[in-house]
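Engineer: Based on the provided sequences and hints, a complete structural model is requested.
Protein chains in written order, with this note's numbering: chain R, 1 to 436; chain H, 437 to 537; chain W, 538 to 748; chain B, 749 to 1701.
Check each hint, because a few of them may be wrong.
Stated by the list, open to error - Below, a list of computed lysine-lysine pairs in the DSS-like style, where the Cα atoms sit at most 30 Å apart: (1) B/K1582 <-> B/K1678; (2) B/K1663 <-> B/K1583; (3) B/K1584 <-> B/K1678; (4) B/K1590 <-> B/K1663; (5) R/K175 <-> B/K1678; (6) R/K118 <-> R/K73; (7) B/K1678 <-> R/K118; (8) B/K1329 <-> W/K580; (9) R/K51 <-> R/K73; (10) B/K1582 <-> B/K1663; (11) B/K1431 <-> B/K1678; (12) R/K175 <-> B/K1329.
Calculated directly from the structure, the hints in this document are not laboratory data.
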Amino acid sequence: MTTVDAFSTDPADAVPHTPAPDRLNGSSPRTPGAELPEHPEFLWSNPDPQKAYDVVVIGGGGHGLATAHYLAKNHGITNVAVLEKGWLAGGNTARNTTLIRSNYLWDESAAIYEHSLKLWEGLEDDLGYPILFSQRGVLNLAHTLQDVRDSVRRVEANVLNGVDAEWLEPDEVRKVCPIVNTSTDIRYPVLGATYQPRAGIAKHDYVAWGFARRVDEAGIDIIQDCEVTGFVRDGNRVTGVRTTRGDIACGKVALAAAGSTSVLTDMLGLRVPIQSHPLQALVSELLEPVHPTIVMSNAVHVYVSQAHKGELVMGAGVDAYNGYGQRGAFHIIERQMAAAVELFPVFARAHLLRTWGGIVDTTPDASPIVGRTPYDNVFLNCGWGTGGFKATPGVGWVFADTIANDEPHPYAAPFSLDRFVTGRLVDEHGAAAVAH
Amino acid sequence: MQMIRCPWCGPREEVEFHYGGQAHVPYPAEPAALSDEEWAHYVFFRDNTRGAFAERWSHSAGCRRWFNALRDTVSYRFLAVYRPGDPRPVLDQTPTAGASS
Amino acid sequence: MADAAPSTTPSTGPSSSGLLPRTHPLDVRPDLTEQTAGAVVAKPLTTAVQVRAELPGPAADAAARVLGVALPARPGTWVATPAGGRVVWLGPDEWLVLDPTTTPWDLEPRLREALAPAGGAAVDVSAQRVVLELSGPLARDLLAAGCAVDTHPSVFPAGRAAQTLLAQAGVVLLALSDDGRHYELLVRSSFARYLADWLVDAATEHRARRA
Amino acid sequence: MSAPFRTASGGRVERSVPVSFTFGGTSYEGLRGDTLASALLAHGVHQVTTSIKLGRPRGVGAAWAEDPSSLVQVEEPFPDPMQLATTTEVFDGLVAHGVPGQGRLADIGDSARYDSRHLHVDLLVVGAGPAGVQAALTAARSGARVALVDEQSEPGGSLLGTTDLVDGRPALEWVGDAAAELAAAPEVVHLQRTTVFGVYDDGFALAVERRTDHLGGAAPREVSRQRVWRIRARRTVVATGAHERPVVFTDNDRPGTMLAGSARTFLHRYGVLAGTRAVVLTTNDSAYRAAVELADAGVEVAAVVDTRPQVPAHWAAECAGRGIEVRSGSAVVGTRGTDRVTHARVAARDGGAVDDVACDLLLVSGGWNPAVHLYSQARGKLAFDTSLGAFLPTGRLDDLLVAGAAAGAQELATCLRQGGAASATALVELGLDVVPVPVPSTPAAPPVTAPDLVWTVPDVDGDTSRQFVDLQRDATVADVQRALGAGLRSPEHVKRYTTIGTAHDQGKTSGVVTSGIIAELLGGGPDDVGTTTFRPPYTPVAFATLAGRDRGQLFDPVRTTALHDWHVRAGAVWEDVGQWKRPRYYPLAGEDVETAVLRECAAARTGVGILDGSTLGKIDVQGPDAGELLDRLYTNLMSSLAVGKVRYGVMCGADGMVIDDGTVLRVAEDRFLVMTTTGGAAKVLDWMEEWHQTEWPELGVHLASVTEQWSAFPVVGPRSRDVIQAVFGPSGVDAANEAFGFMTWQDTVLDGAPVRLARISFSGELAWEVHVSSWHAVAVWERLVEAGRPYGITPYGTETMHVLRAEKGYPIIGQDTDGTVTPQDLGMAWVVSKKKPDFVGKRSFARADNLREDRKQLVGLLPVDRTTVLPEGSQVVELAESGELPPPPVPMLGHVTSSYRSAHLERPFALALVKGGRARAGQLVHVPVKGRLVAVEVTGPVLVDPEGARRDG
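Structural biologist: Below is the structure:
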């Protein structure tokens, strides 16, 4: 650990600042694992926008902040503003289920997600922030013979791409996660699972705030409550951004606005093949540790981990219709609960404590769009669907590189807007990719 | 769980319906005459409107009929439903969600 | 291999006329009525033909001539035929004819010959669905356990019909009386056992109360 | 064990029905009607648990769901984590203990039942307090369909905790009469122990009814433990009351510290004195009632500490009459004690000495927060009302009204009036004739003195680290100060930094206080800060409750064919294909999957086999334009098919990728039968309807699913003709090649049952598909099996079907394709019409990516060792010059889509999608298998009978 000495990477070791003896009067031992490390005394300043910046990043979520971080760190570009229309990291960063993995099928996806995963593995040191990256592994369950084929295919591809992956038979699944119902008499028995041991979870606020603090330290302006209302255009260039906090001139513009991307691209007259959908998530109350890993099941539609404080965190399905409302329909949650209890009988009496929704920007091939646009100085990063959080450092890195060099980073190149014209898609759902 | 007003069956629960994306995107008269880019726009590019959005729905668990709806993508509220072939309705007022008095 | 022949209570059963025997998907649930505290009865196999016609129009007129009753124009309704069957509205140009008095291979060609020249269509769907009768004081409670349609007699009296979901099965629900105590459910044959099992499960408390 | 703090009489508990329970290892006796909290308090037990981070003792802070501190784990009758002592009803055999913050799940599944009911009403009334009861009565008398839903064990709401009079008699008598009237009204559903936990669009509300929890081990097993009510209401009246708000001061978490109104509830509802000597801290008039009533009940009230400089004259007199000291302009600045309050530390607000007043009960009232959760969930906007010091609804919503204390009403009379008025307003809007219900009379309320707005009482030494804002999270004013110091301004950020409001109570008592504290620290009002979002559920709901009956075999429908029982009797091993159960193979005694499949394959290739193919999707397509529609959707020409003939076809999406395939029978000039894959049945019908209805409504064509109507049995193998001839010959069928050619069909009648025979082969063998009404499926199947007995007819399952078709190179859509595969990639350019000007997907074939030479193409693979069965999903690679696998990332050529051991070829084989695969025919590539590199030869996909001689036999 570097800068924040009270922190530890292992949540089990996490101890708050030592309480004064009086605070412990009549005490009993604190609850193991129910504690998180505290945040630092200072995170970011709240400057007013300046008149001009070399780069204006639109979107103060994980992606925008990571992009700003790597602009500063890797490219020495610090005359940068990150504009956030609401509160920092209050969009999908605050609403996701924090799964981090790289076991994607296609080479292009595996490359960028694995790049991201490697960055995650060093991120705590880079940020000097206890992001609680816990590599507890992910199981993707197979329930049908076709699931098994797709799973083996993905495992074999992962291994050849240098991504850790293995296929587990049901008895091995039980060893990794004893609470999964592997009996053969359930409606869709577990026929096995893929396993990526290096996958994990992190604490999303800590991640975003860690990036934000570094960005602030680098002299980059984080400007909240600053909604973009228009662009100033000069031919093939955008020279300024109109905002609710005044006009800001810019050398380059980087869009990292996830579900709200279309609102911006519509202002630019730029068509982007994304659709914004509600995606819900939920948590239970805090529970003693029961679930040591992450389990995902496409067929039964479940994704669940137990977060650091002990709450079960689950992602639900994407609502079918377009929506910007940051909420979804409850029947999706109910179906999620049925699936959870089916696969994890011990969850029956866990309680749904809170539900919420984010806005995911989905593309026709379930892969992101990262790269240049028809504008010379406008760069686009969107379309991450349910996969955005895990990509945070990776996309920050390659997007910053793309912005700095005016050409796509090699990991970004396959994800160009142009692929929808050529047909060279990176079709992750066609290839039975798993959500989240 | 919303109620969606099927133009034929009346209000039914959302789970009886299937979403069909943006409405009024006709199949090109002569696909072969389109450039790759124009064709790509037909196949893959749809509006992603924040606000009133004309879209297609099918009452899949009911009468199996497709229809169009104007829906606010922020409040999710259905502003109008209309039959295929009918033009997009013009609304008198901008809808708002939430408190009304 | 088929020595453990199932009971054939609700089905037509082996015919004495040398015709091929029929089986009913719920032959294996002979105790369905008992298990649902008397609420559910599997009805015998019934001739059913799906009819398509523009209404009003010549095909609809032709259908009315064959059936002896006009196709109901109002969505979500059914009407009785003179032959003792029903014509159920399924869509603005789609109806389901149920006729216990004839065979599919009689009714389908008759309707098709009458309708097709006028732009309509008729399809034998007799084996596509089975019919369950739901009656008595528990009927509405069982429906409320899995069906979101309001079955209150004030809004769903005799003559109303709804294609909807009951639990996770698509059904056509017909109201047969004005007192909320008599319904028919049409369910696709492949879902019939699921739905029967679900109804038996839904009747658990009623069954226990009766015991 | 006696209960020393139980009053001699009064309360709603049943004094003649004692119940025994165990808490924290100690046995206690309570009364039916007690909560765990009231029963413990009756025994003088205040401390329930310790806090999550600091291990500080925590007690009962409130009387219902807003309590932030009395977390317990129920152990018996079944482990239930994170319950509140204040909402858990006691029963014989209850075993529970306090938990600091993490509950424990049972290590076994829960066998209790959970179910749900739909309920449609004109008016949903949430809350059976005075406003709610009056609203429900009004609606009931007007003949409306009404649901009155309340979360407590009996109606009354706030009246359960008071001595109020209504119409000159005890308020609960009025409530009781109202409940009786509602029970007799035919269109009223009155649910107690039922929490409306979420309000959604279009009048949809979800409630959970706790039906048997209070019965403990005596709960009947067949009765669902909890029931979800899915309520669809045309109008909703939210009458959920208000939660009392604490004041934050140093050591405000010590057991014995309690909201003032809650002490009244414990007294009046449960007959329990929460202490012997009390200090009351208040910012408003309401807590004086607690002081006076507790004093009257025998509690020594040491002082009422009122933060306001001027105390209300009426209440000052009431206190004086009871010898209760009132200290105006003062506050409690701290507490003393260890696991229970021993002293309240009282000081004047403008400073001065601290007076430690001995007490074992410290009652607090910082005002009232209307329970606006449901209104806010429904997206109602809130505004801070400075006179009340609370966030209030800003009005009504289209179909939701708020009445009573939830709307900010202070007095009982106002609550009653608002409840009736809201109901009447709603009914008028619904077009119902309102029968007004007179507002019952209530005694005149004393004049109200304006409340004070106090969020925190400063610590005398300026130490804010023991001033608890969120007791469950051990979060203090100091934490809020740190958050602001770190640069955070949004309450959402402060919430995340401090974790305030994220615990089990979701900030019911801490949320508004936090906004107040932030506002105070930053300058400005709570309105500038706002609140964090109220999200469903209002109180936690068990997963299993929401799962309801969708568990076990009812989790997802099992679809069965007409032959299901035959398969069961034949010992089929099942495969889940979508929702269908299909026989995968039929093992004989001692057979494993491999031997069974080899046997079944051999039978089909050398004798005759029979498959239940009834799950294949079937669509009847009728009308003069039937052929035209099919031409537009299939890649090949269907309109040219002659009546009596069969044609194979492929459908693509607009992107040119294969989405389904199957055979098409032309039944008549204006009628086709379209066969789809099992998994594609619904999708293809939807696809056809979508195009027809939305793009080409002018086409005269009608579509109908006949999937269940027709059962379909492929009879396959060199002896299939014998079987077909034997069964259908007597009906006039001639199965000879000349009379019944490949890809033709004929109708016949078997003992009165119409049958359609089609010479279709998905196996490469001589084969017929027998189509018959599912009414006769069993009979016809049994006839076929009987007739086939001399030829060793063998029923086979999906596994053998897969092997047979793979040997012929026939792809399975969804197994050998993945949404990125074109017909050309499958080697099926022949199925793509060059004559048709257009069909769906055609334009995409001309895109740049579709013209690449190195697209993945379907090929056959033959392991050179003739023994390895390549695992399906294995990747195909090219080796480095060295003959070894290069280091990652290893370039991949494609993957194995299907792989089997072939009885016919006497070797394993596979189908694979391989880059530029067709051009690689004859080349060797490699497949890594469990760390080994298996050399395979690339071949064409058709490995058996490429000339089709067998099929055409």
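Engineer: Hint by hint, note whether the structure agrees.
Structural biologist: Going down the list of hints, with the structure as the test:
1. B/K1582 <-> B/K1678: violated, 45 Å
2. B/K1663 <-> B/K1583: Measuring from Cα to Cα gives roughly 29 Å; hence the hint holds.
3. B/K1584 <-> B/K1678: violated, 48 Å
4. B/K1590 <-> B/K1663: holds, 22 Å
5. R/K175 <-> B/K1678: Holds - the C-alpha atoms of B/K1678 and R/K175 are around 21 Å apart, at most 30 Å.
6. R/K118 <-> R/K73: Between R/K118 and R/K73 the Cα gap is close to 17 Å, so the pair holds against 30 Å.
7. B/K1678 <-> R/K118: Within the cut-off at roughly 26 Å; holds.
8. B/K1329 <-> W/K580: It holds: about 25 Å lies between the C-alpha atoms, which stays within 30 Å.
9. R/K51 <-> R/K73: Holds - the C-alpha atoms of R/K73 and R/K51 are around 23 Å apart, at most 30 Å.
10. B/K1582 <-> B/K1663: holds, 25 Å
11. B/K1431 <-> B/K1678: Judged against 30 Å, a Cα distance of about 37 Å means the pair is violated.
12. R/K175 <-> B/K1329: holds, 29 Å
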